[in-house]
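Asker: I would like the entire structure built from these sequences, with the hints used as guidance.
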Amino acid sequence: MFLATFKLCAGSSYRHVRNMKGLRHQAVLALGQELNRRALGGPTPGAWIHQVRRRSSLLGSRLEDTLYSDQELAYIRQGEEAMQKALGILSSQEGWKKENQQANGDQVLSKVVPDVGKVFRLEVVVDQPMERLYEELVERMEAMGEWNPNVKEIKVLQKIGKDTVITHELAAEAAGNLVGPRDFVSVRCAKRRGSTCVLAGMATHFREMPEQKGVIRGEHGPTCMVLHPLAESPSKTKLTWLLSIDLKGWLPKTIINQVLSQTQVDFANHLRKHLESSPAP
1 MFLATFKLCA GSSYRHVRNM KGLRHQAVLA LGQELNRRAL GGPTPGAWIH QVRRRSSLLG
61 SRLEDTLYSD QELAYIRQGE EAMQKALGIL SSQEGWKKEN QQANGDQVLS KVVPDVGKVF
121 RLEVVVDQPM ERLYEELVER MEAMGEWNPN VKEIKVLQKI GKDTVITHEL AAEAAGNLVG
181 PRDFVSVRCA KRRGSTCVLA GMATHFREMP EQKGVIRGEH GPTCMVLHPL AESPSKTKLT
241 WLLSIDLKGW LPKTIINQVL SQTQVDFANH LRKHLESSPA P
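The UniProt record's numbering puts the first residue of the sequence shown at 1, with every later residue one more than the last.
Everything labelled a hint here was simulated from the structure, so no lab data went into it. None of the values given here were measured: they were computed from a predicted structure. Each residue gets a CB set at the ideal place from its N, CA and C atoms; glycine is no exception. Incorrect hints may have been included.
[Claimed, not checked] Straight-line Cα separation of at most 30 Å, DSS-like style, residue types lysine-lysine; simulated pairs: (1) 253 with 159; (2) 152 with 162; (3) 97 with 238; (4) 118 with 213; (5) 236 with 162; (6) 97 with 248; (7) 152 with 248; (8) 162 with 238; (9) 273 with 118.
[Stated by the list, open to error] Listed next, with one range per pair, are the computed distances between beta-carbon atoms: (10) 235 with 206: 32 to 40 Å; (11) 216 with 67: 33 to 41 Å; (12) 229 with 273: 19 to 27 Å; (13) 193 with 250: 36 to 44 Å; (14) 125 with 92: 20 to 28 Å; (15) 279 with 69: 37 to 45 Å; (16) 193 with 235: 18 to 26 Å; (17) 277 with 250: 33 to 41 Å.
Answerer: Structure (structure tokens):
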């Protein structure tokens, strides 16, 4: 009903109305306001999460004067949904248990979330400005396989507007090859609000990327990375990575837990090493 109303307001069914920019602009505003209203529901988050959720909208002021196809709108909504779910999980401070603690302060926490399963939360401080991390993790996403050995390849399959992309990720074998190669097709949504950046995503279906022979297709649940400068040291960045993933296949839970928590610790180490060894673009 909501999508039908949007299409009607946008004049998608009438050639002469499609050229009326005023109506198209009103339709975009109406859609953005409705999704803002929905995004505000749910548990009350922490201060920096609340800032992102409160100001996040599906299209907002960054949307160009373009109407997307039904499929593209579905991907945009899915990316927005992943962001809201992931931030909702992070906003709850109860029930987290320590999985891994490093001497440098890096830590991995976990908890079981209803209807989602076990999720992992990496918390690290990187001695680099937020803009540098945003550059590597968002704008240069496809180059991640060059510095993270746990990732063989990340490819952007489709870009939708300024915030949403469909990606294919091929992961390397893990735990001494006990966990074979996996691949993932995901919708990802990146939002920047003030000094905070959120990159969120979840599994999706993309017809042009069917399952690959010899590779198990895993699924990301609502997952996200949150970047924001430290208040006391703006040149450093707090990175929080919520990981929710179904590796599929038959694997003991003990191995899964070990692999996922270690993957997050390894990611932080590889990221630091890469940023320290390569000059900023």
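Asker: Tell me the numbers of any earlier hints that the structure contravenes, in ascending order.
Answerer: 1
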